[in-house]
Amino acid sequence: MIETLSFAFFQRAIIGGLLISVACGIVGSLVVVKRMSSVSGSISHAAFGGVGLGYFFGFDPMLGAAGFSVLSSVGIGLSYRRLQGSFDTLLSMIWSLGMAVGLLFIALSPGYAPDLMSYLFGSILLVPEGFLWFAFALDAAVIVVVALLFREIQVVVFDEEFAQVSGVNVEAIWQTLLIMTALTVVTVMKVVGAILVIALLTFPPAIARQFCTNLKPLMLWSVLISAATTMLGLFGSVWLGQAFDLQLPTGPLVILIAAGAYLLASVGKWKKKPTAS
Amino acid sequence: MSDTPIIELEGVSKTFGYNAVLEDVNLRVAPGEFLGIIGPNGGGKTVLLRLILGLIAPDKGLVRVLGRAPDEARGKVGYVPQFARFDAEFPISVIDAVRSGRVARKGLLRRFSAADHKVVDEALSSLHLKDLVDRQLGKLSGGQLQRVMIARALVCEPSVLLLDEPTASLDPEIGHGVYELLAELSHRMTLVIVSHDIGVVSGYVTSVACVNRRVFYHPTSDVPRDLVEQLYHCPVHFMPPRPSDLPGPGHADHACHCQESK
Numbered sequence: 001m002i003e004t005l006s007f008a009f010f011q012r013a014i015i016g017g018l019l020i021s022v023a024c025g026i027v028g029s030l031v032v033v034k035r036m037s038s039v040s041g042s043i044s045h046a047a048f049g050g051v052g053l054g055y056f057f058g059f060d061p062m063l064g065a066a067g068f069s070v071l072s073s074v075g076i077g078l079s080y081r082r083l084q085g086s087f088d089t090l091l092s093m094i095w096s097l098g099m100a101v102g103l104l105f106i107a108l109s110p111g112y113a114p115d116l117m118s119y120l121f122g123s124i125l126l127v128p129e130g131f132l133w134f135a136f137a138l139d140a141a142v143i144v145v146v147a148l149l150f151r152e153i154q155v156v157v158f159d160e161e162f163a164q165v166s167g168v169n170v171e172a173i174w175q176t177l178l179i180m181t182a183l184t185v186v187t188v189m190k191v192v193g194a195i196l197v198i199a200l201l202t203f204p205p206a207i208a209r210q211f212c213t214n215l216k217p218l219m220l221w222s223v224l225i226s227a228a229t230t231m232l233g234l235f236g237s238v239w240l241g242q243a244f245d246l247q248l249p250t251g252p253l254v255i256l257i258a259a260g261a262y263l264l265a266s267v268g269k270w271k272k273k274p275t276a277s
Numbered sequence: 001m002s003d004t005p006i007i008e009l010e011g012v013s014k015t016f017g018y019n020a021v022l023e024d025v026n027l028r029v030a031p032g033e034f035l036g037i038i039g040p041n042g043g044g045k046t047v048l049l050r051l052i053l054g055l056i057a058p059d060k061g062l063v064r065v066l067g068r069a070p071d072e073a074r075g076k077v078g079y080v081p082q083f084a085r086f087d088a089e090f091p092i093s094v095i096d097a098v099r100s101g102r103v104a105r106k107g108l109l110r111r112f113s114a115a116d117h118k119v120v121d122e123a124l125s126s127l128h129l130k131d132l133v134d135r136q137l138g139k140l141s142g143g144q145l146q147r148v149m150i151a152r153a154l155v156c157e158p159s160v161l162l163l164d165e166p167t168a169s170l171d172p173e174i175g176h177g178v179y180e181l182l183a184e185l186s187h188r189m190t191l192v193i194v195s196h197d198i199g200v201v202s203g204y205v206t207s208v209a210c211v212n213r214r215v216f217y218h219p220t221s222d223v224p225r226d227l228v229e230q231l232y233h234c235p236v237h238f239m240p241p242r243p244s245d246l247p248g249p250g251h252a253d254h255a256c257h258c259q260e261s262k
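In order, the protein sequences belong to chains A and B. The numbering used here applies: residue 1 is where the first sequence begins, and numbers increase by one. The numbering used here applies: residue 1 is where the second sequence begins, and numbers increase by one.
Rather than coming from a laboratory, the hints here were simulated on the basis of the structure. One or more of the hints may lead you astray.
Stated by the list, open to error - Taking CB as the label site, the calculated pair distances span: (1) A:L224 / B:L62: 53 to 63 Å; (2) A:L263 / B:D134: 45 to 55 Å; (3) B:E89 / A:M93: 48 to 58 Å; (4) B:S169 / A:L220: 13 to 23 Å; (5) A:A137 / B:S113: 55 to 65 Å; (6) B:D134 / A:W133: 17 to 27 Å; (7) A:R81 / B:L62: 17 to 27 Å; (8) A:A100 / B:R68: 19 to 29 Å; (9) B:D71 / A:L220: 29 to 39 Å; (10) A:A140 / B:P172: 50 to 60 Å; (11) A:S79 / B:D59: 45 to 55 Å.
Every residue, glycine too, gets a C-beta built ideally from N, C-alpha and C.
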């Protein structure tokens, strides 16, 4: 284990995992309290379409993922108000369309796509240094935006209609939130993959919600829980590999650990309240 | 200025799909009025309210709030939504929820000023919420939650307060308390409340609009019983006694009607 720590790739994985936890915890908290996990699921699967495009045209698939996710988030933001009833349908369409486009273009690309799995299920052990800078910039942007617009964001996620009637520019706040979600999704994708992004985005805040009664502590705790589960998953997968020769992917392990923690937190809360009122 | 109606609807129609929800609606709410919008469920009360709030646009006709288009009157209208319309378990404290009514006014990238804090403070004390400021919304009783929502609307310093079914999910006794509070507020501002419960409403309001696709307006709360029964297709009981000749809007003093009458 100690030896592994000295490898540059492992150090990058640790830093990357910690960096994504910041954006993941903050944005994830908003996703959970606003109940927009299907929106983020839709964005993350749309991102996969960009990955396919990147393969086919030979540019960085991450760039394609970022482009697709931001585009889909803008589309979702624009149609949200106008569609009302059929909004949910639109989300599942974007969701599956993204996957279909991705798979099609990958099939069309010449040769075998060896790291396809890494986009579907993540590969934190393979992150390049450039990714760390991207994650760092995203964290900084998310912190600045949320700090500056905290009250506006709070009123919009709490009660959108009231916010609008009282004169807050709901559409602009929504769009800001969606673009932040899109960029976070692409970054988190690197760790757990397109398919599991929603889990890492929603589990830590769902755990923190069991004991946090305010949005700011909820964000802080979500960041900490997200960092802890990512690290546990990362070290866990290395340890299992070295001690038992079990080669497990880190992403799914992180999700399992987060799910276990959620279960524990729920049971703990449930025990505290013996009789439901 | 004073004779500009607070709310004005002219020939308003709204259709969803093939259903005409509202047809040729005319309504005029004068300053100082306490209007009850009543009618059976599905009769278009909520649609009427959402038109006034500018959350939806009419297919035909004109909606004016304070002489302007509804979305230009934003911030002058205090809105108290139905409980079902927001997440009562949201992680937010009473003080932050009330302050959120002030967010649009403070302006982007600005902090709350001393004046903002003062307005919030006044709203909290006038609704007896001072002891609850740090409580999370989810840990409040129904009556307390309703007071928080009213306080949040009041810190907008509105000219008119619109309430959607303010007592729908409350015990009758607590609902009664909410109406007492509204009666008090009605001396200070124009009030519009939407309710399916005409019996309770009629003891407090100064005028009534009955909505069932069309709107029938009555300048006093003395709605002809046969009209109401026609509207609801069933006999209606008026819970508090109905003073048959109320003084003009704004001066009505009918705060306490405790005994039941028929």
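Return holds or violated for the Cβ distance of S79 (chain A) and D59 (chain B) against the range 45 to 55 Å. violated, 21 Å
CB of A100 (chain A) to CB of R68 (chain B), is that within 19 to 29 Å? violated, 48 Å
Is 55 to 65 Å right for how far apart the beta carbons of A137 (chain A) and S113 (chain B) are? violated, 33 Å
Indicate whether the distance between the beta carbons of A140 (chain A) and P172 (chain B) respects the range 50 to 60 Å. Given a distance of about 54 Å, which is inside 50 to 60 Å, the answer is holds.
Does 17 to 27 Å hold as the CB distance between D134 (chain B) and W133 (chain A), or does it fail? About 41 Å separates the Cβ atoms of D134 (chain B) and W133 (chain A), which means 17 to 27 Å is violated.
Just to be sure I understand the hint, the distance between the Cβ atoms of E89 (chain B) and M93 (chain A) should be within 48 to 58 Å; is that true here? The hinted range 48 to 58 Å is violated for E89 (chain B) and M93 (chain A), with Cβ atoms some 30 Å apart.
Between L224 (chain A) and L62 (chain B), does the beta-carbon spacing fit 53 to 63 Å? Hint holds: Cβ distance 54 Å, inside 53 to 63 Å.
Pairwise beta carbon distance, S169 (chain B) to L220 (chain A), judged against the given window 13 to 23 Å: violated, 33 Å
At the C-beta level, are R81 (chain A) and L62 (chain B) separated by a distance inside 17 to 27 Å? Given a distance of about 22 Å, which is inside 17 to 27 Å, the answer is holds.
So does L263 (chain A) sit 45 to 55 Å from D134 (chain B), Cβ to Cβ? For D134 (chain B) against L263 (chain A), whose Cβ atoms are near 30 Å apart, the range 45 to 55 Å is violated.
Starting from the range 29 to 39 Å, see whether the pair D71 (chain B) and L220 (chain A) falls in it by beta-carbon distance. holds, 36 Å
Taken one by one, the earlier hints fail for this structure at numbers 2, 3, 4, 5, 6, 8, 11, listed in ascending order.
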